[in-house]
Each structure stands twice: as C-alpha cells, then as structure tokens.
Amino acid sequence: MKLHPQRALLAAALMGLALQAQAQSATYTIDPTHTFVYYEVGHFGTSTNRGRFDRKQGTVQFDRASRTGKVDVSFETASVSSGVPPLDKHLQGADFLDVATYPTARFVGEQFGFEGDRITQVGGSLTLRGKTQPVVLKATRFNCYLNPLLRREVCGGDFETTIRRSQWGMTWGLDTGVPDEVRLLIQVEAVKQ
Amino acid sequence: MHPLRRGRCQDDGMLKALTAACAAWCAGLAAQAEPVRYRLDPDHSFVHFEVLHFGTSTLRGRFGPIEGLVELDREAGHGAVSLRIATAGVSTGLTAFDARLREPDLLATEAYPFAEFTALHFRFDGPRLAAVLGELRLRGLSQALELRAQRFGCHRHPQLEREVCGGDFEGELRRGDFGAGFGMPFVDNRVRLRVQVEGIRQ
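Keeping their order, the protein sequence lines are chains F and S. With my numbering applied, the first sequence corresponds to residues 1 to 193, in that order. With my numbering applied, the second sequence corresponds to residues 1 to 202, in that order.
Derived by calculation from the structure, the hints in this document are not laboratory data. Take these hints with a grain of salt, some might be off.
Claimed, not checked - Computed footprint of chain F on chain S, listed as stretches where at least three residues anywhere in the stretch have a Cβ under 8 Å from a Cβ of chain F: (1) 50 to 60; (2) 160 to 168; (3) 194 to 200.
Said to hold, decoys possible - Partner residues aside, some chain S positions facing chain F, computed with beta carbon under 7 Å: (4) 43; (5) 46; (6) 143; (7) 144; (8) 153; (9) 155.
As the list claims (entries may be wrong) - Lysine to any residue pairs mimicking SDA-like chemistry, simulated, CA-CA at most 25 Å apart: (10) F/138 - S/193; (11) F/138 - S/92; (12) F/138 - S/55; (13) F/192 - S/193; (14) F/138 - F/58; (15) F/192 - S/55; (16) F/70 - F/124.
For each residue, glycine too, the CB sits at the ideal point set by N, CA and C.
With the rest of the complex left out, here is chain S (with noise of 0.2 Å):
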C-alpha cells in the first residue's frame, strides 16, 4: 500500500523514526494548525558532497535521489524529517572511485546500503527556516547533524498544480565519525554536505 495513502501517524515501514516522533508530535499539536506533508520529488532531492584532495582541490561526489518524507507546519514553527538514501548510488563521474567509496571502509554499502537521516527540530528566524537540526546514520553509527538552509521556499508547481516546497542546505561531517577514515589525511576528514531538496505537498 502507497504510504501516503495511510494515515499520517500510521507506521508506513520505511519511515518508522517518521512515524514515532509524529505520534508523540500530533498528540502535542493536537489543538494547532495540521502540519502539511510532503514528499521530496526525486528529480529535484539530491546530496552533494566535497572533501579537500591533498589540501589541494575539492573532489565532489553525488548521492540521490533523496528518498522521504517531510512535515511541515510553518505557522507553528515545527517540522519533522524522515529520509534515506541508498549509499550505492554514490557518483563522481568515476567508475574505479565509486567501487572504491563503495568498500568496506569507506561507505560499507553492503553492510549498509542506506544513509538515513532524522530530524525533529526545526529551527526558525523569524518567518524565514534557518536550520534543521536532526540525527545522520551512516554505516551503521549515528552522529548529530545539522542541515542549514541557504534558502527555502514554497510555490506552486504549474505543471504538478501543486505546492511545492524546498531549498538548499548545508552540513558537514566528518568522517572519521562514521568508521570511515581511510585515506586521511591525504583526503580531508571534513565532507561538506550541499543538499538540493523539493517536497510535493501530498
């Protein structure tokens, strides 16, 4: 059954850290404005990454489509994020360095073929979003993280005639955090995440 066709505090599978916190979220808001979901449009959700070669030049690297869900209620200042993404399809352009970003001591997409990332807490300036702060599992061990918005904004898709919401973020890790230090220092520590999303509003 298509998730969004549930309920929205229903456990849809794929998005269980999603589903807990809105549980215990929607009893807590029960008396406000409905938070709205979206659902991040995989032509339009991808991650970014850069890492310094030898102190020298920046090496990119795609992660994507984004897969998840999104609840937002702007009014109230809330929102909550349950999203992953399958660590196989990294992309550098570079078919040895995928194979070898894929191995065991680097992203281990066998063991663990998807990065997740949580987020409870949304950070607002005033009207405007400023950060979401939330929780990046990545081969198997979870650090904090925090996504900030360089923009975000809604409008109506013309094509889809609906809204549409989305933005840029970034964050940055590192990677020794996550067990997957080879290389250093050679290949910085620090990963600078720029994240591309947009949400259909379901």
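Next up, chain F with everything else stripped away, as it sits in the complex (with noise of 0.2 Å):
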C-alpha cells in the first residue's frame, strides 16, 4: 500500500487521455480487496445489525459504447462476518445460509443501465441457498481512473438494493419480528485485464 503521491497525480492528470484512448470493450476481474458485500438488518426496531462477505471472485465485462455488459461474482457464503462469533455460526447454519448445502452466493447481471458513460444500475439474479431471484442493484456511485499501482485502469463503484431473504427460503424469526428485508451495500473495484 505505498503510494507515490507525484507519480499517481501524473497518472490521474493522464486518465483522461487513457481512458479515451483505451479501446471500448474490455474484461475486468474483481478486485478481492475493494469488493464487499454488507448488509444491514434491523434488530427489534432499535438499531441496526451489520456484517458482511469477506471471499468472494468475479468477472466483469463491460462496454461503454453498446452500453452492454456482464457481471458474475460469487461469494462464500461461509465467510459472513457480524463481528460476534455466535451469531455467525448461527447465520451459518441451516436457518440462514445453509452454508454446508449451499456453499456459494452468485450475482449475475447483464441488464446494465447507464447514464452517459456511467452505470446507474445492474439487473441481474441473486442465488442463494439453491434459488434464484431477480434483484436490480442501483449506483450511488460510479466511476473509473488509472490506479497508480497496478498501472491500469479499475472501474467501479458503490451499488445497493433492498432484498426479502424469505424469496430465498430463509424465514427463521420472521414470526418473532426479524425483519425479512435485507439491505445489501456493495462496493465493487475490477481492474482492466
């Protein structure tokens, strides 16, 4: 993580000759480091319970000048962390995620939305627990620039959606009031190949 501050300023003055230069459909692999999954469930009407996806991998493929692409992440679904152990080997277990069945989560999305050169949403479906179900994830952020490290170029972003976990089977406490809906906050890095 060293960075060299002239170095990355002469590469951002540059990115936009790079990026108009670069040819227009290109692949890009997710960036582990900078891809997460968080979600937010309420607890009891007071606050609001976190955790998130630590592995994951995925490919994106996108073109700017079609306005078309692809996007295909998976995560392991064992690698949900909440911060307190109990509760993870609970959203591990057959009440949740079932992750002994069902050791994966997969994103594919191919309706990409876009605004200018920016995308404003994926649509795509959501497997979870062996089915599958549309979910549209909506940009509160886009962007791409030449990372001074790598020395290519990495798109990315911010993107949400609100999902109900029981369109995945999983209803464990909604008679007692743990809330069915699910908001997922997803940061997304993938660098150009």
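Please assemble the complex out of the two chains, which come individually in their own frames, going by the hints.
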C-alpha cells in the first residue's frame, strides 16, 4: 500500500486521455480487496445489525460504446462476518445461509443501465440457498480511474439493493419480529485485464 | 470489583470521564428523576466506518464491540456517555489491510490501544433523542464529534427481561485531524461513522 504521490498525480492527470484512447470493450477482474457485500438488518426496531462477506471472486465485462456488460460474482457464504462469533455460526447454519449445502452465493447481471458513460444500475439474478431470484443493484456512485499502483484502469462504484430474505427460503424469526428486509451495500472495483 | 456494583458516582477506573461528569451532573440533578444506567451490549454495539477510495467506491470496516456505559434521563433530556474501542480490533475482512491500519501512521494501535468517546450533551427534539455531542480521543488527539441519531428507542428484551435502549447514529470525522493522514487524497480524509448501540439497563 505504498503510494508515490507525484507519480499518482501524473497518472491521474493522464487518466482522461488514457480512458479515451482505450478499446471500447474490455474484461475486468474483480479486485477482492475492494469488493465487499455488507448487509444491514433491523434489530427489534431499535438498531441495525451489520455484517459482510469476506471471500469472493468474479469478472465484469463491459462496453461503454454499446452500453452492454456482464457481471458474475460469487461469494463464499461461510465467510459471513458480523463481529459476533455465535451469530456467525447461526447465520452459517440451516436457519439462514445453510453454508454446508450451499457454499456460494452468486450474482449474475447483464441488464446494465447507463446515463452517459456512467452505470446507473445492474439488473440480474441472485442465487442463494439454491434459489434464483431477480435483483436490481442501484449505483450510488460509479467511476473509472487509472490506478497508480497497478498501472491499469480500474472501474468500480457503490451499489445497493434491498431484498426479502424469505424469497430465498430464509424465514427464521419472521414470526418473532426479525425483519424480512435485508439491505445490501456493495462496494466493487474491477481491474482491466 | 464489577464497576456497576459500585455507587453510581464513584470512580470505576475505566470510566473516569463519566465519573467526573457524573459528580457534577448528579449534584445538579439531585432534585430530579434518577437517571438510568445502561451497559452496552457487546453483541449489538459496533462502529462501521466508510471512506471513499479514489473517488470511486467506499471502503468499509468495523470496530467493536464498543465497551462502556450510558446514563440517560429521558424525562429531563439529559445523558452522559463514556465509551471505548480497542483500536487493534479493526476488521475490514482483509488481514493485510487490517495490519496496515494498525501501523503508526494510521491507527497507531501500539501507542494508542483505545479510542474513547465521551459525551455530556444529549440533544432532544421533543421526546426524541436527536444527537449526542461529545469528544472523540483517537491517536492521543481529541476532537469534537457529533453523533446524529437516525433512530433511537427502548424495548423490553424478551430473554433478558430487562429494558434495552439503543439506536443507530451517524457522524463524520477528518482522519487528518487525528494525525492519521496516510494515503490522502487517494483515500479520502473524510471518514463516515455508522454506529450501532444497544444498552442493557443495569
């Protein structure tokens, strides 16, 4: 994580030119150090429980000219991390993620919404606990830049959506007030290959 | 000795700031309703931070559980907070990044193993808790910090059979103000804090 500010500034200055000169269609590999899914679930109407998934991999293809793309990202469900070890165990069990039977969750998205060069949303399907349901991820931020350390173009942003966990068969606690709605906050950066 | 078994204005070691505040506050409030003391629930008391990375995506991480006590007199509209967090417990999901964050030019966890937040000013909007105004001490430097309540409420916990109060709070700091400026401007100076707290009535 050692940065060279002068070089980075130069790189940033050249970024616009670099982006204009690039080939239009490109494949990007998910940067696992800047790609995370955090979830938020209400707790007894009082506060918000948060957690995240730590292990993931995936690719993104996208073509600014034709405004098309495809994202395919998988998360290891066993890597759920809430900061509370007994809660992680419960989340990994059959009541929730059932990681022994369903070790991965996968999002595949091909319906890219654009506003100019900027991605505004990605629609696709989320497979979780063996069930596949449609999900639309809304971009709250999207940008491409030349990363001075990698010396490659990186595109990424912040996305969010709210799902109902019961659609994937996770119904534990619904009758005792554990909310069905789960907000997902997604950070993603992908490196041009 | 368990700090909560002592008198409510006695020194309990870990919470000197609260105690000092409490001594003055108790005298002032002698004629009023007794404030209620809550100890933070370690299963539901965390700070998540958010920092913008290259103007592109949001880095997140977690500190906690937060330890500490809150005194609240909702009728009188007063409160006091003394909390601390072990800085070495920072968790981003990336072992190498966590180790980098602990280094002297960022969290400096060896020299400053705890971040502390003390607050004596609770702002109410009618009956609703709107904000907690206090001071954050991080890397040995103190700065004012306002935590705005997004929601706050109390309920009777069915298993504990005790009152639990808690909510979600948000605040923002500039890490450069605490001498943790490494990596700017590529990683933003502004750090957004998203705080979950629940306190169990003692």
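Do the hints match the structure? See the list:
no.: 1; hint: 50 to 60; result: holds (count 8)
no.: 2; hint: 160 to 168; result: holds (count 5)
no.: 3; hint: 194 to 200; result: holds (count 4)
no.: 4; hint: 43; result: holds (5 Å)
no.: 5; hint: 46; result: holds (6 Å)
no.: 6; hint: 143; result: violated (25 Å)
no.: 7; hint: 144; result: violated (24 Å)
no.: 8; hint: 153; result: holds (5 Å)
no.: 9; hint: 155; result: holds (5 Å)
no.: 10; hint: F/138 - S/193; result: holds (22 Å)
no.: 11; hint: F/138 - S/92; result: holds (23 Å)
no.: 12; hint: F/138 - S/55; result: holds (18 Å)
no.: 13; hint: F/192 - S/193; result: violated (31 Å)
no.: 14; hint: F/138 - F/58; result: holds (19 Å)
no.: 15; hint: F/192 - S/55; result: holds (18 Å)
no.: 16; hint: F/70 - F/124; result: holds (9 Å)
In summary, the structure is inconsistent with hints 6, 7 and 13 from the numbered list given earlier, while agreeing with the others.
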